[in-house]
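Colleague: Residue numbers (my numbering), protein chains in the order written: chain A, 1 to 313; chain B, 314 to 626.
Hints are computed from structural coordinates only; laboratory data are not their basis.
Incorrect hints may appear among the rest.
With a cut-off of at most 30 Å between alpha-carbon atoms, the simulated DSSO-like pairs for lysine-lysine come out as follows [to be verified]:
1. B:Lys-539 with A:Lys-192
2. B:Lys-615 with A:Lys-194
3. B:Lys-505 with A:Lys-226
4. B:Lys-539 with A:Lys-2
5. B:Lys-319 with A:Lys-192
6. B:Lys-527 with B:Lys-505
7. B:Lys-507 with A:Lys-226
8. B:Lys-539 with A:Lys-257
9. B:Lys-319 with A:Lys-166
Just so you have them, the derived chain B footprint on chain A, three or more residues with Cβ under 8 Å [unchecked claim]:
10. 178–191
11. 197–211
12. 233–239
For glycine and all other residues, C-beta sits at the position ideal for the given N, C-alpha and C.
Number of protein chains: 2
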Amino acid sequence: MKISAKEAAMLLCAHDRILILSHKNPDGDTLGSAYGLLRALRSLGKTVRTQCTDRLPQMFSYLADGVQQEDFTPEFVVAVDVASVSLLGDAVTEAYPNVDLCIDHHHTNELYAQKTYLYDGASACEAVYEVICEMGVSITPDLADCLYTGMATDTGCFRFSNTTPKTMRLAADLMEQGARYAELNRLLFETKSKERIAVERMVLDTISYAADGKIALICISQEMVKESGADESELGGISGIPRTIEGVEIGITMREKEAGGYKISVRTAAYADASKLCAAFGGGGHIRAAGCVINAPYEQAKTMLLEEAARFL
Amino acid sequence: MKISAKEAAMLLCAHDRILILSHKNPDGDTLGSAYGLLRALRSLGKTVRTQCTDRLPQMFSYLADGVQQEDFTPEFVVAVDVASVSLLGDAVTEAYPNVDLCIDHHHTNELYAQKTYLYDGASACEAVYEVICEMGVSITPDLADCLYTGMATDTGCFRFSNTTPKTMRLAADLMEQGARYAELNRLLFETKSKERIAVERMVLDTISYAADGKIALICISQEMVKESGADESELGGISGIPRTIEGVEIGITMREKEAGGYKISVRTAAYADASKLCAAFGGGGHIRAAGCVINAPYEQAKTMLLEEAARFL
Ligand SMILES: [Mn+2]
Ligand SMILES: [Mn+2]
Chain A
1 MKISAKEAAM LLCAHDRILI LSHKNPDGDT LGSAYGLLRA LRSLGKTVRT
51 QCTDRLPQMF SYLADGVQQE DFTPEFVVAV DVASVSLLGD AVTEAYPNVD
101 LCIDHHHTNE LYAQKTYLYD GASACEAVYE VICEMGVSIT PDLADCLYTG
151 MATDTGCFRF SNTTPKTMRL AADLMEQGAR YAELNRLLFE TKSKERIAVE
201 RMVLDTISYA ADGKIALICI SQEMVKESGA DESELGGISG IPRTIEGVEI
251 GITMREKEAG GYKISVRTAA YADASKLCAA FGGGGHIRAA GCVINAPYEQ
301 AKTMLLEEAA RFL
Chain B
314 MKISAKEAAM LLCAHDRILI LSHKNPDGDT LGSAYGLLRA LRSLGKTVRT
364 QCTDRLPQMF SYLADGVQQE DFTPEFVVAV DVASVSLLGD AVTEAYPNVD
414 LCIDHHHTNE LYAQKTYLYD GASACEAVYE VICEMGVSIT PDLADCLYTG
464 MATDTGCFRF SNTTPKTMRL AADLMEQGAR YAELNRLLFE TKSKERIAVE
514 RMVLDTISYA ADGKIALICI SQEMVKESGA DESELGGISG IPRTIEGVEI
564 GITMREKEAG GYKISVRTAA YADASKLCAA FGGGGHIRAA GCVINAPYEQ
614 AKTMLLEEAA RFL
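Can you build the whole structure from these sequences, using the hints too?
Modeller: See the structure below:
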C-alpha cells in the first residue's frame with residue numbers, strides 16, 4: 001500500500017526498536033538515507049540501528065561518525081532506497097522477511113513492503129528529508145551531511161537531468177542547516193583511488209581516433225585490470241571517457257572478457273544511434289548508450305567497430 | 314559609488330544604445346552575464362551589444378545563439394564580472410575609457426565605474442539575475458541558459474565552498490524557467506579537448522608515490538606540452554590531480570620551465586602546510602595551495618621535494 005510522507009512519519013513515531021535496511025552494493029543515497037533516518041529517530045529517543053549486507057565503504061564512513069550500533073530484536077523494519085526485496089541480499093531477507101515500511105524514489109519499486117512512501121524525485125534522501133520534517137525533528141549538521149550526501153551522489157552533484165528545482169531547494173535548506181557541502185563534494189566527486197588512476201593511465205594509452213576525431217575508442221584489457229588492482233566499481237566510469245572528448249560523437253569502449261572476446265560499450269553525444277550500431281553486432285540498448293559482445297581478436301574487433309561506427313556519422 | 318540592484322535596473326531602464334563589456338580571458342560568468350543582460354535589455358526594445366577583447370570561446374558559443382551584434386555608438390557602458398578596469402584589455406579601455414555601470418561580485422572590485430552594484434555572492438550572474446528581475450523582464454529559456462552558465466561555472470557546478478543556499482535557489486528558479494541544465498552541464502563539466510586528454514595521459518605516466526602513498530608527484534615537461542599541443546588553459550586543472558588521489562596528503566606538480574628548472578605547485582588535503590613546504594625553497598602561498606621554483610635537474614629537484622615534503626606529514 002502506498003502512503004504519504006506524513007503517514008510514514010506517523011508510523012515511525014508510533015514504533016520503537018527500529019531497524020533500517022540499505023540495498024547491497026550501497027551508494028550514497030541508500031546510506032545517507034539510512035544514517036540520516038537513524039539520527040533523526042535517535043534524537044526522538046528511539047532505539048535504532050542500520051544494516052546492510054555489504055560493508056560501509058570507506059568513503060562513506062563519515063555518515064556513521066559517532067554512531068554506535070546497538071543489538072536488539074527489531075519491532076519495525078524500514079528499507080530506504082531499496083526498489084526490490086532482492087536488493088537486500090539473501091542473509092538480510094532471511095533474517096527479516098517482512099519489511100514494514102519502504103521509503104524510496106524508484107518508479108520500479110516492487111511494493112514489497114507493507115507500506116511504501118514512493119517519492120517522485122531524484123533521491124531517496126529527499127523523501128527521507130520530507131518524512132523527518134513531518135516528524136518535527138530539528139536538523140543537526142551531522143544529519144544534514146547524511147541527507148545532502150544522497151541528493152548530491154544521485155544527481156552527480158546536481159549535474160544530471162534527474163536534478164529538479166526541488167532537489168536544489170532542499171539541498172539549499174541542508175546547507176543552511178550546516179551540511180559541510182564543500183568538504184563532502186571534494187570527498188565524493190574529486191577523489192580517485194590509486195588503482196583507478198593506474199587503470200586510467202593504461203586505458204588512455206589505448207585511445208585511438210577515427211573519422212576526423214568524431215569516433216574515439218579505448219580498450220580495457222584483462223591485464224590492465226590485474227596489473228592496476230582496480231575492482232569493478234573503479235572501472236565504472238571509464239567507459240564514459242571517450243564521449244567526454246571534445247568533438248567526439250561516438251565513444252567506444254572495448255572491455256576484454258575473462259574468457260576472451262570483448263564486451264563493447266557505445267556512448268553517443270548528439271545524433272548517432274548507439275542502439276542501432278550495437279544491433280549490427282547482435283546487441284542493443286538506448287540511443288545514447290548501448291552495448292554488444294564481439295568474440296574476435298582485438299585488431300579484428302576494433303576494425304569491425306570503427307567501420308560500422310563510421311556509417312552512423 | 315555603490316548602488317543597489319534596483320538602482321542598477323532603473324539606470325539601465327533609463328538608457329538606450331547600451332554596450333556590455335566582459336573581462337579578458339572570458340569565463341562562463343562574465344559571458345553568461347553579458348549575454349543574459351543583452352537578451353533582457355533587447356526584450357525591452359533596447360539597442361544593445363556585447364564586447365570582449367578576446368574571442369567567444371567555442372564552448373560558450375550557445376550563449377550567443379540567435380544574437381546579431383549591431384554597430385552603434387554607445388550611450389551607456391556596462392561592465393559585468395569585471396573587478397578592475399585593467400581586465401577589460403587596452404583596446405577596449407582606449408575606446409571606452411568611461412564605464413557607467415559595473416555589476417560584479419568580486420570583493421576586490423576597484424570601483425572604477427561611475428556606479429557599481431557590488432553583489433556579495435558566488436557569481437555575477439546572480440547579481441545580473443536580480444537586476445533583470447527588478448526590470449520586470451520575463452525569463453526565457455535562452456536567458457535562463459545564460460544566467461545558469463555563470464552560476465554553474467563559478468561554483469564548479471555547485472561543488473565549491475563559495476556556493477550559497479541562495480545560489481542553489483536562484484539556479485532552481487532558472488531550471489523552472491527552462492534552463493537546459495543537463496545539456497549545459499555535460500558541455501561545461503564533462504568535455505575535455507583531445508589535447509588535454511593527450512597531456513593527461515603523458516602526465517599520468519610520471520606519477521610517483523612516496524611516504525606510503527601520502528605524497529604523490531607528477532611532472533609536466535616542455536616536451537609533453539609541445540607534443541600534446543595543449544595550451545595554458547588546458548594545463549590548468551592538471552596540478553590538481555595528485556591531491557585528488559585517495560590517501561594523498563601532499564600533491565606535488567613539477568612544471569618544467571622553458572628556460573629549464575621547475576615551477577612547483579603543492580596542494581595539501583587536510584593537515585600539511587603547503588606554504589611552509591614551499592617556503593623551504595623560497596616560495597610561499599596558502600596552507601592548502603602554494604608554489605615555488607627549483608632550478609635543478611629533474612631527479613635532483615624531485616628528491617629535494619620528496620625529502621622536504623616527508624617532514625610535513
Ligand atoms: Mn537513490
Ligand atoms: Mn565571476
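Colleague: Next, verify each hint and record whether it holds.
Modeller: Structure-based check of all given hints:
Distance hint between Lys-539 of chain B and Lys-192 of chain A is fulfilled; the C-alpha atoms sit about 28 Å from each other, no more than 30 Å. Between Lys-615 of chain B and Lys-194 of chain A, the direct Cα distance comes to roughly 20 Å. Compliance with the 30 Å bound is thereby established for this hinted pair. Restraint check: the Cα-Cα separation between Lys-505 of chain B and Lys-226 of chain A comes to about 28 Å, which is no more than 30 Å; the hinted pair holds. Distance restraint check for Lys-539 of chain B and Lys-2 of chain A: the Cα-Cα separation of roughly 62 Å exceeds the 30 Å cut-off, and the hinted pair is therefore not satisfied.
For the suggested pair Lys-319 of chain B and Lys-192 of chain A, the alpha carbons sit about 46 Å apart, so the restraint of at most 30 Å is broken. Under the criterion of a C-alpha separation no larger than 30 Å, the hint pairing Lys-527 of chain B with Lys-505 of chain B is consistent with the structure, at around 28 Å. Proposed proximity of Lys-507 of chain B and Lys-226 of chain A is supported: the alpha carbons are some 28 Å apart, at most 30 Å. Restraint check for Lys-539 of chain B and Lys-257 of chain A: not satisfied, since their Cα atoms lie roughly 37 Å apart, outside the 30 Å limit.
Among the hinted pairs, Lys-319 of chain B with Lys-166 of chain A is consistent with the structure: their alpha-carbon atoms are about 28 Å apart, no more than 30 Å. For the region 178–191 of chain A, the assignment as covered by chain B holds, since 7 residues bring a beta-carbon within under 8 Å of that chain's beta-carbons and 3 suffice. Only residues whose beta carbon comes within less than 8 Å of a beta carbon in chain B count, and the region 197–211 of chain A has 7; three or more means the coverage holds. Only residues whose beta carbon comes within less than 8 Å of a beta carbon in chain B count, and the region 233–239 of chain A has 0; fewer than three means the coverage is violated.
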